[in-house]
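Peer 1: Residues per chain, in single letters:
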Amino acid sequence: MDLQVAKKKLGLKERYALMTRGLGWETTYQKMDDVFPMDTFEGIKIHDWEAWEDPFRLTMDSYWKYQAEKERKLYAIVDAFAQNNGHLTVSDARYINTVKLFINALAPLEYQSHRGFAHIGRQFRGVGPRVACLMQSLDELRHAQTQVHAISNYNRYYNGMAEFRHHFDYMPYLQVPRSFFEDATAAGPFEFITAIGFSFEYVLTNLVFVPFISGAAYNGDMGAMTFGFSAQSDEARHMTLGLEVIKFMLEQDPGNVPIVQKWLNKWTWRGVRVLTLVAMMQDYMLPKRVMSWAEAWEIYFEENCGALFRDLERYGITMPPCVEQVRKERDHLSHMAWSQFYQGRGTNDFHTWLPSAEEMDWLSAKYPETFDQYYRPRFEYWAKLEAEGKPFESAGMPMQCQLCQIPMFFTEPGEPLVLAQRHRHHDGEQYHFCSEYCAEIFDDEPEKYIQAKIPVHQIYQGKQFPEGTDPTAEGFDPAAAVGAFLRLDPASTGNFVGSQDEANFNMWRGLTRSND
Amino acid sequence: MSRTESSVFVALQANADTRELVEAILADNPHAVLHEDPAMVRISAVGSLSVHAESVSERIGRDYDLQEMHINLISLSGHVDETDETFTLSWAN
Amino acid sequence: MPVNAIKPYNFPAEDTEANFHGARLVYVGWNRHLMFATPYAWPLPPNMPFGALTQGPMAGAFAQHPDWEKIDWSVVAWTKNGEPFTPDYEASLAENGIVHKDSLRFTTPGLDGIGGLGQ
Amino acid sequence: MQMDLRTVAITPKRQTFAHVARRIGGDKPASRYQEGTFDLQSTGNFHYKPLWDPEFDHFDPARTAIHMNDWYAFRDPRQFYYGAYVIARAKQQDVAENAFDFVETRGLAAALPDDIRALTLNLLLPLRHVAWGSSMNNATIAAYGYGAGITQPCTFASMDQLGIAQFITRAGLLLADPAALDVAKSAWLSDDCWQPLRRVVEDMFVTADWFELFVAQNVVLDGLLYPLIYRTIIDDDLTMRGGAAVAMLTQFQSEWSVETAKWADAQIKVAIAESASNAELIKGWLAKWRDRVIPALMPLAELALGARADGSIAEVAGQWAARLAKQGAKL
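Chains as they are written, first to last, in my numbering: chain Z, 1 to 516; chain W, 1 to 93; chain E, 1 to 119; chain F, 1 to 331.
Just so you know, these hints were derived from the structure itself, not from any lab. Among the hints, erroneous ones may be present.
[Said to hold, decoys possible] Take a look, some chain E residues computed to stay more than 12 Å from chain Z by CB distance:
1) Ala-52
2) Glu-69
3) Ile-71
4) Trp-73
5) Ala-77
6) Tyr-89
7) Ser-92
8) Gly-110
[Unchecked claim] Covered stretches of chain Z, as calculated for chain F (at least 3 residues, CB under 8 Å):
9) 68-77
10) 120-134
11) 143-151
Note that the structure is predicted; figures quoted are calculated from it, not measured. Ideal placement from N, C-alpha and C gives every residue a C-beta, glycine not left out.
Only chain Z is shown next, with the shape it has when bound in the complex (with noise of 0.2 Å):
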């Protein structure tokens, strides 16, 4: 029996590259091309699978442990959160309206990335890239779960979040983010990556993470607060990965660097379009405010990915174009966001509510150029007409345009007194756009973007009434008939001032102080 000779201990490095790319092999019995069928149709190429650099080293038997670890705490503190009644602790009961958000909007991206994430690690040729794309899929699973279980507990006293699934599949506002979302799954494998793993993991993150998880924090909510910092840990691995996916796709062939731009091109600005939601949720949602969408947006955007995009020159990669008009429309969007959400809260499952003068003075601090001048008149305009007893009220659909589906109410870059409108004809029809870059995107791939479901025009199809509706019937009420197919709760309607959520979270809060 020969001496036991001391094993070289591996390096962390050589021994994950045993235990993930060692597994693979070169298929014989079937061809590799109809083993991986959908890698190559985006035309980029790769021609060394080897020279990717894992992003990180986590075998399944630290994912399993750590992981576990995690979610103990995690659980414990959701538990906790739920048996002493934390949601009364909230700096203030409008701030639930985000949690309405985060379960609507956010919560279903998190599913549909955990099976996108499973469709590309299973069709990349190379088993490191799968390896680490599984692993997220699994992650992201994790994400949607952990924040349908922590909101939970929200949905049992307030309205608004208990057909969370079939308001993302059907509401108006909520086919802003889903369509997003199928846009990159619907695309290639690569160009999923590029859109999810990269623009909206790693450029968008912090713009999504900072508002909502630490406006929690400073609202008093400690469930989402927890549920926020152990999920973005799991983003810190994402990150990496969307990084390296990019660094590997641009060092693999010159020719791969027009198409990846195009796709950051693309996805940034599809990405920002989807953060108006959020940006609405900062400036006015949060009673205790974080700090601005104009400020984050410097932090989060300009400053980290000023490095980032610096450090991808070296690829000849740039900025993407569409910046220059995200930088005009940083001061307007959220209060252009907010005035329609505002007028069209009759049919939204969140409540929404005019700016109180000291929230608009906050807003004039932060928008020095643009609030006084353009939104104030409007919102004090309407407070009149509140205190008058004639509430200002949408009494029509809106327009939305036919790619980012958001309601058209985006200004003229430069010009914000007009309203901004592009037009494009395909096979002899007409589209409309919110602006010059969303018609880029639609002229790019237009066989795509005409099949989209636009809200209102569904709504006009007579597609949204319940089954076995006869719109001919006598005394039939649309409006009556797509509620009901939404399945609307008039309770988790319009304005938050006068609603169940406001008089049984004070009635609640009064419980937990008052003897009587």
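Chain Z is already provided as a structure; the job is to place chains W, E and F on it using the hints.
Peer 2: Using the frame of chain Z, we list chains W, E and F on its own:
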């Protein structure tokens, strides 16, 4: 505009488990800057930032596996280079 | 530049006029009255007189603005898909050349919203 | 000692989400598994056909020939949602970690009889490629299956099989060295005894119907390979021949295969009970892949058991058939 040197950062939950880790990082990276936010600690540094398992182990009195950092990590920025001994964040430019 | 898909990729447009059961989509926005956050969308019968559009759906949506009843329709300026357009209020939408998914905007000279601030 | 612990009781307006309440017979407290699984996948109003597969919506029941009236009839008896899953696996991982440390620190690998170590390296190490293929097949189901009821557990199965491939790799490094892994890989690619099984795994990679793939991978291949390799050969036969250390290094696989079989059986039972056409399809797939897998396992059984191989394979196949019969699949 001069080519500003890019900075990296690591954000950690502010709890008992990360106290020594933060100390070790600050000790090993004199150029690093500490930012304290609600329940979160952010350490940023121009150029690069590295975490040495050795100096964390000294402070906690047991062998520290760098991958334990995942439990309390919140977010980071920069390229990751991970070995058994060191976890480094850096920008190539 | 057509879409780059793994195999032939062509599908019918979702919003052709035929899908609207005889109606025609028309969008209308009131310039310099940004209190109405967006233009509105309506499914309208092609044979509806243009005047009925202004007194019907448009009034329903815009009349709550104090400027509405002061509008002098003889001086209102219209655009269609961004191009100048002069409607015949008695003639039908179709006769006015308004087709499916046309986007109309109108300006009301002298009426510029609350305090003349375009709201 | 009676303690009057009073917290302020405020009555909730509802107990759970509406889609969950509709599935559990009304608004009552729901489990984390139920809230974390039911209806999470979208079922309509899709905006764009996938560029990578334009004939289907991304989530599309037509990707499989079987039909289910309620796709959430596929339920996991283990009630695994992410949290329960990782906590369960972390416990098993802890046991495996201790076993690996014990075998290493006590030099049990070196103490193995040479023929047992050689047999283990020849038989066990190439199986890490089978596990990796099994992980790929479950990723296919997780990606293209319909309804979270079945795609969620297949996500876990995909990661479990990756974990198993990594445990086998660690066993190889412990029993020998990185070079042994290369020897095993070349055996997997060219030795005669492995080619039938490799062909089966590669044929699964291109199986279009994801439920046929579920049957082939999680019911037929796993249902025959794990009992043969880990129970009959490693746990029973090798242990008798001084190879107990090997059984310590594969305890995770033994336990995992029993737990996972219960889940796989429950899915087959529900799908068969749904309709005669489902039953006919599934029985067809079971027979088709059984007749591929058993001959592919025969050379491995002979490698380990020599003349006793036929008897052992027949026994394993018999137990497998009995297990399937209980699910309504009398082959």
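Peer 1: All hints, please: hold or fail.
Peer 2: The hints, checked one at a time:
1. Ala-52: E/Ala-52 is indeed farther than 12 Å from all Cβ atoms of chain Z, at 16 Å.
2. Glu-69: 15 Å, holds
3. Ile-71: Holds, because the least Cβ-Cβ distance between E/Ile-71 and chain Z comes to about 17 Å, which exceeds 12 Å.
4. Trp-73: Given that every Cβ of chain Z is farther than 12 Å from that of E/Trp-73, nearest at about 19 Å, it holds.
5. Ala-77: 14 Å, holds
6. Tyr-89: 20 Å, holds
7. Ser-92: 19 Å, holds
8. Gly-110: 16 Å, holds
9. 68-77: Satisfied; 6 residues make the cut.
10. 120-134: It holds, with 7 qualifying residues against the three required.
11. 143-151: With 5 residues in contact (Cβ-Cβ under 8 Å with chain F), the coverage given for the stretch 143-151 of chain Z holds.
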